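The task is simple: from the sequences and hints, build the whole structure.
Protein chains: 2
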Amino acid sequence: MTKVLIVGGGFAGINAAKVLGGMSGIEVTLIDKRNHHLFQPLLYQVATAGLSPAEIAAPIRSMLSRYANIRVVLGTVQGVDLARMVATTDIGELAFDYLILGCGATHSYFGHDQWEEDAPGLKTLEQATEIRRRVLTAFEDAERIGDPDEQQRLLTFAIVGGGPTGVELAGAIAEMSRFTLARDFRSINARLARVVLLEAGPRILPTFSEDQAARAVKDLETLGVEVRVRNAVTDIDRVGVQLGGERLRAGTVLWAAGVKASPLGAIPGVEVDPQGRVIVEPDLTVKGHPHVFVTGDQARFTHQTGKPLPGTAPVAMQAGRYAARTIVNDLRGRPRAPFHFVDKGQMATIGRSRAILEIGSLKLGGFLAWLLWLVIHIYYLTGSDKRLLVVTEWAWSYATFARGARLITGRDWHLTKSSRS
Amino acid sequence: MTKVLIVGGGFAGINAAKVLGGMSGIEVTLIDKRNHHLFQPLLYQVATAGLSPAEIAAPIRSMLSRYANIRVVLGTVQGVDLARMVATTDIGELAFDYLILGCGATHSYFGHDQWEEDAPGLKTLEQATEIRRRVLTAFEDAERIGDPDEQQRLLTFAIVGGGPTGVELAGAIAEMSRFTLARDFRSINARLARVVLLEAGPRILPTFSEDQAARAVKDLETLGVEVRVRNAVTDIDRVGVQLGGERLRAGTVLWAAGVKASPLGAIPGVEVDPQGRVIVEPDLTVKGHPHVFVTGDQARFTHQTGKPLPGTAPVAMQAGRYAARTIVNDLRGRPRAPFHFVDKGQMATIGRSRAILEIGSLKLGGFLAWLLWLVIHIYYLTGSDKRLLVVTEWAWSYATFARGARLITGRDWHLTKSSRS
Chain D
966 MTKVLIVGGG FAGINAAKVL GGMSGIEVTL IDKRNHHLFQ PLLYQVATAG
1016 LSPAEIAAPI RSMLSRYANI RVVLGTVQGV DLARMVATTD IGELAFDYLI
1066 LGCGATHSYF GHDQWEEDAP GLKTLEQATE IRRRVLTAFE DAERIGDPDE
1116 QQRLLTFAIV GGGPTGVELA GAIAEMSRFT LARDFRSINA RLARVVLLEA
1166 GPRILPTFSE DQAARAVKDL ETLGVEVRVR NAVTDIDRVG VQLGGERLRA
1216 GTVLWAAGVK ASPLGAIPGV EVDPQGRVIV EPDLTVKGHP HVFVTGDQAR
1266 FTHQTGKPLP GTAPVAMQAG RYAARTIVND LRGRPRAPFH FVDKGQMATI
1316 GRSRAILEIG SLKLGGFLAW LLWLVIHIYY LTGSDKRLLV VTEWAWSYAT
1366 FARGARLITG RDWHLTKSSR S
Chain H
966 MTKVLIVGGG FAGINAAKVL GGMSGIEVTL IDKRNHHLFQ PLLYQVATAG
1016 LSPAEIAAPI RSMLSRYANI RVVLGTVQGV DLARMVATTD IGELAFDYLI
1066 LGCGATHSYF GHDQWEEDAP GLKTLEQATE IRRRVLTAFE DAERIGDPDE
1116 QQRLLTFAIV GGGPTGVELA GAIAEMSRFT LARDFRSINA RLARVVLLEA
1166 GPRILPTFSE DQAARAVKDL ETLGVEVRVR NAVTDIDRVG VQLGGERLRA
1216 GTVLWAAGVK ASPLGAIPGV EVDPQGRVIV EPDLTVKGHP HVFVTGDQAR
1266 FTHQTGKPLP GTAPVAMQAG RYAARTIVND LRGRPRAPFH FVDKGQMATI
1316 GRSRAILEIG SLKLGGFLAW LLWLVIHIYY LTGSDKRLLV VTEWAWSYAT
1366 FARGARLITG RDWHLTKSSR S
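Chains as they are written, first to last, in the working numbering: chain D, 966 to 1386; chain H, 966 to 1386.
Hints are computed from structural coordinates only; laboratory data are not their basis.
You may find that some hints are simply not true.
Copies of one chain are not kept apart here, so a pair can be met inside one copy or by any two copies together.
[What the hints assert, rightly or not] Straight line, CA to CA, 25 angstroms or less: simulated SDA-like cross-link-like pairs of lysine to any residue:
{"id": "1", "residue 1": "K983", "residue 2": "L1157"}
{"id": "2", "residue 1": "K998", "residue 2": "N1154"}
{"id": "3", "residue 1": "K1328", "residue 2": "F1150"}
{"id": "4", "residue 1": "K983", "residue 2": "F1144"}
{"id": "5", "residue 1": "K1309", "residue 2": "R1212"}
{"id": "6", "residue 1": "K998", "residue 2": "Q1116"}
Note that the structure is a prediction, hence the values are computed from the model and not measured.
What follows is the structure in structure tokens.
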């Protein structure tokens, strides 16, 4: 029996496991510290009350339950001993013949970890519901407060980082304030909410072509978002954001700027880049360790284009499948081929009916791009029951401008008393 | 302008507000410390991963946004000054001509508040997701642990209290372990999970007739629940429950026993019963204060049958509407009629296809009762978009035995790092 250990149930790990599921002679253990696989591309919808957490997440265990040769373990990996071929975990050592690391990434505050409390990022369901809590509470607080200056501060939302996540958050918050919330408040005019998208570089969406990025800027401005490029954030605190000499007072600051790879890449003798990503060989393995694959956001793979592949779901899915197939080929005595990423394009959505899309030389924008975005995302949503639910929820939201998940829930169950006074 | 202040957006408060909405000459303020109205009868479904929080909750603000004379405030009421006719809140004083209190109830641990940490109750969404986390984590921990004694302890679920909530929790957990989870685990046999329903009194469901309660016991036993009456809990700690001289080792203990009314009833000069409920006059007002109504779980109303009305949704809804109509009658110079509760029956569901139902002398059980239970609950679910979603989710769950919301999410967003290792 060949023992394959997969660390992480994200896009890479799940896709690797599915390739290995049912293969005779292979015994798979997938370990993750969370019980669920998360469809991260729709996480911004949870943060902006469009979808519920359970609609974009599925238990890893049930996703893989049909494969008798796969064991799913809820646990934390503390380190990997490449010489002894074991991973140390909170449930003891796990030995492996092959290791596939797909531990993902977390936020990087560029050395300012103290910013996290005032500017949460968007990588987990907990962070998404926390952002939802903050955004909705800002409107509630503004409604209660008499002071117009403080009202304006509370209704200012600063989003740091002009990549797809920042663009999607800014568009969704602007739209929510203009359409969904506008009719619900008495004292404040929710339409006056100010959404500022801050990008340190010369333009937003740097991975897209210039004309598509310009189109996104126009779409964002139509929704009322202020797009500010060449605006590097120098400090963040409770009352807002410092942009060099300028002070931007904001009630809610969200972080969509830097990421860094999971610290599990820091294995003695393994080379990582400044973002903590493991520098991998053409076959996604660690140099000198052909049985150890690193996939998804945790890997730095530059062999195809000279530039590192982006930390997106398609890259992780293909890398996971490639690693698993390579193991199968090894066992069958077939030679290894290098990893080749097939780029199927990229997209970003702006509000509820616009998107930009690039597939090779094809560039689309507006409603048609948004419809394609919708179809593709629903298609890839894991589990057909989720798909049905999400389509129902979206069809309804689209028709009514409602956002069905506008819940402010507490940070700790224990502190939230049940009676209503 | 007559100022009506409603404290609490539960069944009583929302129904009172809807009666007063649009009435000329009346200005309504509804204050609640939560932004959402909660459909509490389905909370056990969230706790057992059948439904998502947003499917049984709706923002109070949008439920009432069509009424221009209603202002919704997110805030906490600290006290009421009956002489000055003002409520003190965290956003200052709110004056009123009429007051409707509908602050609900919280759990009572009969003087053992230290039990709460080890035996959470089920009144809020946060508590429901915490219970869901504990139940699902118990299976995960049992899967990882080798020791069979500890495995058996982890797979033992003790539910304290044999009322409808306890019965519904016990049935849902037993069913989930036998059908949904059974196929997902490798090391443990999820079917061996032990669910024990503990009731101090001589029988469960004391508000139902004896034969209906006996039917529920049979249905619970068919699902594998051990029903133990005359078993008073004398202590609860991290490893289980003490029943007099007997020790029941249990990984998860849930509290569905006592409730007490919101402490806001403790207004100087207002008489309360031992559960903290305000003893109200035949017109639901506080003695000597005909402008102050107390409704729902917060009131003790004995004038109709000699016994207090139960703390159920129908009682709260009717009380809220009655209080609002009485205010309207006052303003029109009409005499007050006493509150009269129209009993439309009671029901409890056991697992996914059985229920018991009592409407006057009509007594139903089994699948037909469950279907009626389903129709009634979906009908009363607030907001038609929620209804559509819940029907979709239920239809799917019913056909597949899946439980779509099997998420273990963290207790604090800040402590849950995003990377998967």
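Hint by hint, here is what the structure shows:
no. : hint             : result
1   : K983 with L1157  : neither (48 angstroms within a copy, 29 angstroms between copies)
2   : K998 with N1154  : between (43 angstroms within a copy, 22 angstroms between copies)
3   : K1328 with F1150 : neither (40 angstroms within a copy, 46 angstroms between copies)
4   : K983 with F1144  : between (42 angstroms within a copy, 23 angstroms between copies)
5   : K1309 with R1212 : neither (41 angstroms within a copy, 61 angstroms between copies)
6   : K998 with Q1116  : between (40 angstroms within a copy, 20 angstroms between copies)
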